[in-house]
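Chains U and A supply the protein sequences, listed in that same order.
Take the first sequence: its position 128, counted from the start at 1, is 128 in the working numbering, and no numbers get skipped.
Take the second sequence: its position 129, counted from the start at 1, is 129 in the working numbering, and no numbers get skipped.
Calculated from the structure, these hints are not laboratory results.
Among the hints, erroneous ones may be present.
Said to hold, decoys possible - Here chain U is said to cover these stretches of chain A; the calculated rule only asks that three of the stretch's residues, wherever they fall, bring their Cβ under 8 Å from a Cβ of chain U: (1) 11 to 18; (2) 45 to 56.
As the list claims (entries may be wrong) - Here are a few chain U residues that face chain A, going by a calculated C-beta distance under 10 Å: (3) E5; (4) Q6; (5) H115; (6) R165.
Backbone N, C-alpha and C fix where the C-beta goes; we use that ideal spot for every residue, glycine too.
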Amino acid sequence: MRTTEQLVRCAQSGDPDAFAELLARFEGPALSTAYAILLNPEAARDAAQEGSMKAWQNLGTMKEPEKFGGWFCGIVRNAAIDQRRKSNPVPKVATDHIHNPAAMAEQKELFGQIHKTLQQLDESTRTIVMMRYFDDLPTKQIAALVDLSPGAVDMRLSRARQELRGLLAGAASGKGEMA
Amino acid sequence: MNQNFDEWMRDFAQAQLGPFRGTLAENFQPAPQPRQPLNWQLWTAPLTMAAALLLTVGLTMLAYPREQQMVSSAAAAQLAAKDAGTLTEELWYRDEPGETVLLEDNTPAQVVHCEAYQVVTHVSPDGKEISTETTPVDFVALVSQPVF
């Protein structure tokens with residue numbers, strides 16, 4: 001398997017397959033970054049795609065190929081901010097994948113609570129939470145992507161989990177069966 | 001609660017972004033990459049170094065015009081005799097660089113590369129050595145700058 005650095009060098013010399021491999025490798029962090037800003041799945045996908053095109057166009061200016069992930073997420077973040085400024089998509093919770101009608105109502109409510117709680121966190125913490133739970137990324141990798149120390153990432157994750165858990169426990173005890 | 005919490009969070013994240021997994025690479029349509037402007041720093045550094053090197057070489061050659069001149073036969077013979085040994089007929093030797101020799105004007109110089117020479121030993125019929133001649137054959141010693 002080629003390293004990120006090798007893929008970036010190939011992509012810089014115009015190899016689109018190498019770039020597609022990079023996209024596949026950093027798709028999760030990119031979508032998480034965009035989602036943390038837009039809180040709307042489709043808008044996040046659009047921003048990540050916009051960011052992909054910009055990254056391809058600007059790949060030649062990249063000086064540190066081993067830091068591609070963080071660089072790419074930065075471009076996607078800017079694309080998401082642009083999109084929020086231009087079209088301001090409404091925050092939305094996706095529940096399309098729930099096929100069990102019995103669980104649907106309950107899970108919709110749970111997802112709604114998580115979504116609402118996420119909105120109360122700062123953008124950077126939301127990004128970290130999404131990277132951890134969408135891609136199961138380890139702390140060290142998240143730290144490299146968001147340009148923070150691993151200690152700072154752990155601290156934010158811990159606070160976010162505490163906050164989310166408290167709110168969700170409250171909601172669950174209200175329902176009497178979720179915890 | 002912890003286990004449930006992590007499961008909920010994973011389910012949530014998958015529900016939001018999971019359907020788009022694989023779409024970035026799949027939908028990527030490469031437009032031609034723009035040509036990057038010339039990086040002058042990148043270009044000028046090796047050029048400057050090359051110019052400096054040429055200048056140094058030129059000045060050195062001017063300062064030491066005797067560089068790489070032929071070593072005199074006497075010096076060559078002197079050098080050859082050192083390694084020739086005795087009782088050897090028509091042997092070719094090759095010296096290692098680093099020897100110090102005298103040029104025609106008695107300036108000491110260091111050998112950079114040394115070609116071959118021939119040693120002929122005359123032996124009498126009864127096996128006694130009569131004389132030894134050391135003759136440079138196409139002897140070329142390239143010498144470095146004079147050693148002072």
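Looking at the structure, which of the earlier hints fail to hold?
Of the numbered hints given earlier, those the structure breaks are 2, 3 and 4, listed in rising order.
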